[in-house]
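So you can see what is in the structure, the chains are spelled out below.
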Amino acid sequence: MKRYRWPAFVLTLLFVGSVHAVADDAALAAREAHLAASLRCVVCQNQSLADSAAPLAADMRRQVREQLAQGRSDEEVRAWFTQRYGDAVSYEPPFRPGTWLLWLGPFVLLAGAGLALRHLIGRRATAATALTPAERDEALALLREDQP
Amino acid sequence: MRFALPIAIFLGLAAVLALGLQQDPRARPQTRVDRQAPALDLPLLHDPQKQLQSGSMRGQVWLLNVWASWCGPCREELPALASLSARDAVPLVGLNYKDQPEAALELLRRHGNPYLASAVDRDGRAGLDLGVAGVPETFVIDREGRIRYRHAGPVSPQVWDSALMPVVRSLR
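Protein sequence lines correspond, in order, to chains A and B. 0 is the number of the first residue of the first sequence in numbering that gives the first Met the number 0; add one for each residue after it. 0 is the number of the first residue of the second sequence in numbering that gives the first Met the number 0; add one for each residue after it.
If you are wondering where the hints come from, they were derived from the structure by calculation, not from laboratory data. Hints are not guaranteed to be accurate.
Claimed, not checked - DMTMM-like mimics (lysine to aspartate or glutamate), calculated; alpha carbons at most 25 angstroms apart, straight line:
(1) B:LYS49 <-> B:ASP160
(2) B:LYS97 <-> A:GLU31
(3) B:LYS97 <-> B:ASP128
(4) B:LYS97 <-> A:ASP50
Note that the coordinates shown come from a computational prediction; the quantities given were computed from them, not determined experimentally.
Isolated chain A (complex conformation) (with noise of 0.2 angstroms):
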């Protein structure tokens, strides 16, 4: 058997490799699928790069692809896109001055909604408990009326 030891660390050690060489495979797919949903067609209307079937999607699609491969970030590949074809090429907008009402605007629309909910509220309980004495009179006499 010892002269097949080496044949068999050679093995091993070619099947480890490979088996690296997939998982890179796998993990740099799953960064190209992230970024190619999130990042739009910019000749399409509403949609991302991995839905559209139109030429130039594949073009960015194939420029995702090579870029990764060469060893770029996401981030990087990102900011390579919204160089050339700004902002709305990305389905991520950054969180600057520009997009403040994009990103808290919903934030304070609910936040208005809460307090005028609330000063509504407010206005309804005070509203049902102060009754004038004539009222007062009027609902006792209901009250009575109902007694047998």
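Based on these hints, arrange chain B on the given structure of chain A.
What follows is chain B alone, placed relative to chain A:
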């Protein structure tokens, strides 16, 4: 006034939406402007053995026109490009975008060739690097090789005189 607040909200919303409707959803942002144009090193349409290098245009204010034979508006702008670039002596370089070279050459034979030279961008990589979404598109490039203006869509005499030439003159 019971309805003052709802009416104010309605009017505010109507104003915002009216402003939004004024905007063109197809308008392209002026990206890459005032930045260095990507260096082109691509085969010439008329002589594929030779390369067109955009570095050779340094020191001149020139126009880069992205075109293709499969694009109708590109065909329509050819006469205007030819006469206007000659009249104002502006060097016009073509970038033949994702096209069949035979079809591109045939189009220029039939409708006239306004370009000093056309580079072949067979797979659209140069177009992507320029941020091109559709053809035709025309770039004004300054002496240092920076993009100073871009116009998406065909060039008419009006576009030439009111948009492209003022930029070219300011750079000369």
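Hints the structure fails to honour: 1
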